[in-house]
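Which chain is which? The protein sequence lines are A and B, in order. The C-terminal position of the first sequence is numbered 408 in our numbering, with every residue numbered one higher than the one before it. The C-terminal position of the second sequence is numbered 313 in our numbering, with every residue numbered one higher than the one before it.
If you're looking for bench data, these hints aren't it; they were derived computationally from the structure. Honestly, I wouldn't trust all of these hints.
Which residues of chain B face chain A? A few of them, derived with a C-beta cut under 7 Å, are [said to hold, decoys possible]: (1) R97; (2) H99; (3) Q102; (4) T106; (5) L144; (6) R145; (7) E223; (8) P224; (9) G225; (10) S265; (11) S279; (12) A285.
Quick look at which bits of chain A chain B covers, simulated, 3 or more residues with Cβ under 8 Å [unchecked claim]: (13) 111 to 117; (14) 146 to 154; (15) 170 to 180; (16) 220 to 231; (17) 279 to 287.
Nothing here was measured: the structure is a model prediction, and the numbers come from that model. Glycine included, every Cβ here is placed at the ideal spot set by N, Cα and C.
So the chains spell out like this:
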Amino acid sequence: MAGIGRRGLLGGVAAGVLALPALHARAQARGVKIGLVAIQTGPQAALGTHLKDGFMLGLKHLEGKLGGLAAEVLPIDDELRPEVAVTKVRAAIERDRVDFVVGVVFSNILGALMRPVTEADTFLISTNAGASTFAGRGCNPFFFTTSYNNDQVHAVMGQAAQDENYRRVFLMTPNYQAGRDAVAGFKRRFKGEVVDEVYVPLDTRDFSAELARIAAAKPDAIFTFMPGGLGVTLVRQYRQAGLAGVPFLSTFTVDEATLPAQRDAALGFYSAAPWAPDMNNPQNRRFVADFEAAYDYVPASYAAQAYDGAMLLDSAIRRVRGDLTDKVALRTALEAADFRSVRGNFRFGANHYPVQDFWLCRVAKRADGKFQTETVRKVLENDVDPHVAECRMRSA
Amino acid sequence: MAVELLLVQALNGLQFGILLFLVAAGLTLVFGVMDFINLAHGVQYMLGAYLGASFATATGSFWLGLLLALPAALLVGLLLEWLVYRHLYDRDHLQQVLATFGVILVLNEGVRVIWGTAPLQVPVPALLSGGVELMPGLRYPVYRLAILVAGVATAALLWVLVERTRAGALVRAGATNALMVAALGVDIRRLFMLVFGFGAMLAGFAGVMAAPILSVEPGMGDALLILAFVVIVIGGIGSVRGAFLAALLVGLIETLGRSLMPDLMRLFLDPSSARQVGAALASMLIYIAMAAILAVRPQGLFLVRMG
Numbered sequence: 013m014a015g016i017g018r019r020g021l022l023g024g025v026a027a028g029v030l031a032l033p034a035l036h037a038r039a040q041a042r043g044v045k046i047g048l049v050a051i052q053t054g055p056q057a058a059l060g061t062h063l064k065d066g067f068m069l070g071l072k073h074l075e076g077k078l079g080g081l082a083a084e085v086l087p088i089d090d091e092l093r094p095e096v097a098v099t100k101v102r103a104a105i106e107r108d109r110v111d112f113v114v115g116v117v118f119s120n121i122l123g124a125l126m127r128p129v130t131e132a133d134t135f136l137i138s139t140n141a142g143a144s145t146f147a148g149r150g151c152n153p154f155f156f157t158t159s160y161n162n163d164q165v166h167a168v169m170g171q172a173a174q175d176e177n178y179r180r181v182f183l184m185t186p187n188y189q190a191g192r193d194a195v196a197g198f199k200r201r202f203k204g205e206v207v208d209e210v211y212v213p214l215d216t217r218d219f220s221a222e223l224a225r226i227a228a229a230k231p232d233a234i235f236t237f238m239p240g241g242l243g244v245t246l247v248r249q250y251r252q253a254g255l256a257g258v259p260f261l262s263t264f265t266v267d268e269a270t271l272p273a274q275r276d277a278a279l280g281f282y283s284a285a286p287w288a289p290d291m292n293n294p295q296n297r298r299f300v301a302d303f304e305a306a307y308d309y310v311p312a313s314y315a316a317q318a319y320d321g322a323m324l325l326d327s328a329i330r331r332v333r334g335d336l337t338d339k340v341a342l343r344t345a346l347e348a349a350d351f352r353s354v355r356g357n358f359r360f361g362a363n364h365y366p367v368q369d370f371w372l373c374r375v376a377k378r379a380d381g382k383f384q385t386e387t388v389r390k391v392l393e394n395d396v397d398p399h400v401a402e403c404r405m406r407s408a
Numbered sequence: 007m008a009v010e011l012l013l014v015q016a017l018n019g020l021q022f023g024i025l026l027f028l029v030a031a032g033l034t035l036v037f038g039v040m041d042f043i044n045l046a047h048g049v050q051y052m053l054g055a056y057l058g059a060s061f062a063t064a065t066g067s068f069w070l071g072l073l074l075a076l077p078a079a080l081l082v083g084l085l086l087e088w089l090v091y092r093h094l095y096d097r098d099h100l101q102q103v104l105a106t107f108g109v110i111l112v113l114n115e116g117v118r119v120i121w122g123t124a125p126l127q128v129p130v131p132a133l134l135s136g137g138v139e140l141m142p143g144l145r146y147p148v149y150r151l152a153i154l155v156a157g158v159a160t161a162a163l164l165w166v167l168v169e170r171t172r173a174g175a176l177v178r179a180g181a182t183n184a185l186m187v188a189a190l191g192v193d194i195r196r197l198f199m200l201v202f203g204f205g206a207m208l209a210g211f212a213g214v215m216a217a218p219i220l221s222v223e224p225g226m227g228d229a230l231l232i233l234a235f236v237v238i239v240i241g242g243i244g245s246v247r248g249a250f251l252a253a254l255l256v257g258l259i260e261t262l263g264r265s266l267m268p269d270l271m272r273l274f275l276d277p278s279s280a281r282q283v284g285a286a287l288a289s290m291l292i293y294i295a296m297a298a299i300l301a302v303r304p305q306g307l308f309l310v311r312m313g
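Next up, chain B with everything else stripped away, as it sits in the complex (with noise of 0.2 Å):
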């Protein structure tokens, strides 16, 4: 009974470690390659909810949805890195933290006034809906498996495409010296462009795949934006495998926390106090975890920057 808890507890770690993984991949990249903090990330992935939303409940079928919101969210991506990020590259990080800052106030504002601040309902695909008794009484929806599934292909194709690729190469030689890459004749502007389209299109698709699950609606974005800057940071900046391995870590940790440390407590504390000492405790876990890494590794589990 315990030890099924325990698994089904570390399947949703697991999981919620995917979705993480899906917006920290983007945002390690633009970090990283061009050195760029952008705040307004997680507009993105609440972006990619919302217009998978409306696409889906346009055409009726949530596939479409998905089909025509990737390439939606690229191009806002792209809009925003035009409109606003590309005069943000020079700056100095402080800038680009204000800036991007009231990219989210803008875009949270503009989508209140777009659909309304009423939460959105995705209903979950009719091809993966219903679920597997993994253990008596509780259904794990097969829709979460089917993220699982979806985001440990995506992560291998990121591999691929960084690892095995001469974008990929340019990519991981922009993140160690970008300077050198230019001076190699790298259009390295056109390189920005282009990972900053991708990394948005990420974010938007995990917000797509997340809109059956959660509640699509204003601000989605900013507390997941928190916890995927504690995983590229946990991962080392710039590092795709770093910010793999992280966001698994810190799905695991918030909802193991979460699950255990209550119980732990109670070996402490009378079962009331345990419960609310325990929830508290619970939510510190990550930010304790990032500070014992960083202590022992302050560069982050994988070192991508030189000098």
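With the rest of the complex left out, here is chain A (with noise of 0.2 Å):
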């Protein structure tokens, strides 16, 4: 029995080396190859939909090419579990030979994935994403994001608040890596009185312990980072506290993915991002235009990020003329982010990661009674990510 799977497995492996370089060849001929990481399963799901539906829209105003090769996607769901997401992206590339690894949500997932995927020689390109682990001194040559650096977004709040000459301001994230982060973001260039950090569990379903807080200690203004469902929770219990009248400043609590649930609790809260669906460019109105045509949902970032993933890696493939086998010709090609962000201003920065302006946005209820972040004034100009000085780039 043990003799007869041996020499099976033996065959097979034999089987599979034979294959490899046709296979390769093949897909060669084939066009180019993207493993897409996009969470499908758990609460969270909803983010990787946005991330996903981005992306293939991209790719249809692309007409189903990427710098002239004819592409081919293979959805991958990391389900939120790093292990999962190793073995699937793993597969990916040994199995599937994908060109590139493109997407994933969650910071977690991306520090799983970069070792598996850099050393493979493959390029990983975060569309949203963006831890600062690899902004400085783990600045990779394989890795590219077309999101932001999260310690920038918190800290464009911190500036906001600052520029709004709020004096006392209360801050509250879940108490973990991310929500520590937030917190040392905002403060970075927030330079008035923090009356009180609070750091509530990553399961709360209840605020109304904090929000008593808040009451009795009587901010200029509250900051807080409450992703998901906690966000959709925290939005609507604030308002009915009758909080509303404090200004709600936030960093990924109030977006197109949260709204549909928050609806006019949240009219009026605040947001930080590169990117909001009202911007006016043309290629911005075009995206969200076709992209509500195509899926009837408001688009969020995570939604403009990958459409810009895949205009970027179009812009790539076309400098080097289709040919994906120079490394270096190609990191080249995408470190020349020529393509035109739905941002409008786009390169980047020496560690990979973009150099944009940020704004300031507010939820507002659209003519048609749906919802959307808009831009209301531009807090940073060219923000370059604070890690960048850190990163020395190999040039593998």
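Dock chain to chain to rebuild the complex, using the hints, since each chain is given by itself in its own frame.
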């Protein structure tokens, strides 16, 4: 039994090895293959759907081609479990021979994928997760992101609070690494008094204890980072507690992914972002209009950045004339970022994180009854992320 | 000022405790009477919230939604009992845990398929919208007070049912010694089914009541289930009275701990680490309390089961 098993295994491996060059040649002839990592299970799956739809719309606008090569997309559901993501992406690289790994909503998944993907000399293009870990010393020649460095977004809100002359601000985030990063990022640019810092468990369903504290502290504004379902709950309870008179400054808490559930409760609440659906440039107008026509919901930044990811790939592959084997040339082409972003200004810094403008946005109700964030004013222009100086890009 | 804050926090704690009680009551009956560990009880709470949300949207009225969701939750509970649970009563606890955990996975995924992953919203009914100003700057939503009242009323009703009716006497007898009750000629299977459906409906009721203040999303029952287990262990398995007191206790410890722990830590630590240590300690507080209570009274606050 064991003998047969081993022989069968050896045979399989031999066949696999023999088949590899042939497969590779076929992949070349076929075009370009993209492993699209987008979460599709669990309570955060809506974000993955935004990401996937955004990327697919980009492909549609490019008529199914990236830089002239017919594109094939292999969707990968990371299930928000790092070990699952690594197994699936390894298989995509080794068995399906994808040329690029694109997507990724959450930082912990990105952290798990970083080594397996880049050590296989495959380009990893994050369209959302922007952990600062890979912006400084951990920067990587095979890694690009079309989103932002998380720290930047929180700092933008700190700057906005500073600009509005808020003196006393109440901070509240979930009690985990990203929550503490949010507080640190906000404080980097906010120089006023922090009335209190509250850290709540990640599975908080009821904020009544914290809301009572906020009411007692009477701050000029609150700053919070409550992604996904946390944000939906907080926003509604904040409104119900009659606290809406206290300006609600937030990051990743009110966006087009959560607004369908928050609706009127979020009206007038603030967010910080490099992009909003109402941005007035030709490529964004086309993106938003076609997105809503195709998928019947308002796109969030997850979708916009994934759309930009498709445009970036298209521009880079076009530059190298479809030759995906010369990684150095391909990297140079990606670094050029020779495409028109839905955000307007866009280029890469030395650490492959975008250098871009950041906006203060506010939740508004559109004439058709749907909700979206709208730009209020530009807070930072061509902002470079704070870790770029620590990055020494290996010329791998 | 500080006293007002404390009062508001105590009210918050009681209201959370009442919600916990509605879930734990069914759990403790099922566990106590049938000696059956039902991990999927939290799913009943989630289903209640989803059914309530859907019926409320369909009919345009929260009250009609509530009225329709209750029998629907009962039906789902009975269906699950008939489909899955009744085959597990004679198995050991490990198999019950495994099977009901499977039910959690299936139903969470099912909810995702039917309703999607984005959280749903249920508006607060117009009759109970608005708030009372209990302390300056904070409106305490009337709806939360309504949950408190509804929960206490349900607890009273439950007490009458369990302590003062024939069916209740059978349930209590079943919790003490099921075999003897069966030997006396009571159809214990039917009693089980009744208790089961009722427990499911209570959890569903909690779900509907919670829907307008919490976000209705897949997996929303899982966190509550763990606390519900803490409640029934502290209260004494099978005891509704114990579950009631323990639920209020857990609600108060959880809410007051979250609010006061960081302040308490500030006496010993610098502010920034006090906030983080305090938050971490606060989340452990319930389990510390459970360990302390079990050390003194291993059988929980109210003993039901004999031998």
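Hints and how they fare:
1. R97: Violated. Min distance 29 Å.
2. H99: violated, 25 Å
3. Q102: This interface hint is violated because 25 Å lies over the 7 Å limit.
4. T106: Not OK, violated: B/T106 not within 7 Å of chain A, min 20 Å.
5. L144: Holds - the Cβ of B/L144 comes within 7 Å of chain A, reaching about 3 Å at its closest.
6. R145: Constraint on B/R145 satisfied, holds at 3 Å.
7. E223: holds, 5 Å
8. P224: holds, 5 Å
9. G225: holds, 6 Å
10. S265: Holds. Min distance 5 Å.
11. S279: violated, 11 Å
12. A285: holds, 4 Å
13. 111 to 117: violated (count 0)
14. 146 to 154: violated (count 0)
15. 170 to 180: violated (count 0)
16. 220 to 231: Answer holds; 9 residues pass the 8 Å Cβ test.
17. 279 to 287: Contact hint for the region 279 to 287 of chain A vs chain B: violated, 0 residues under 8 Å.
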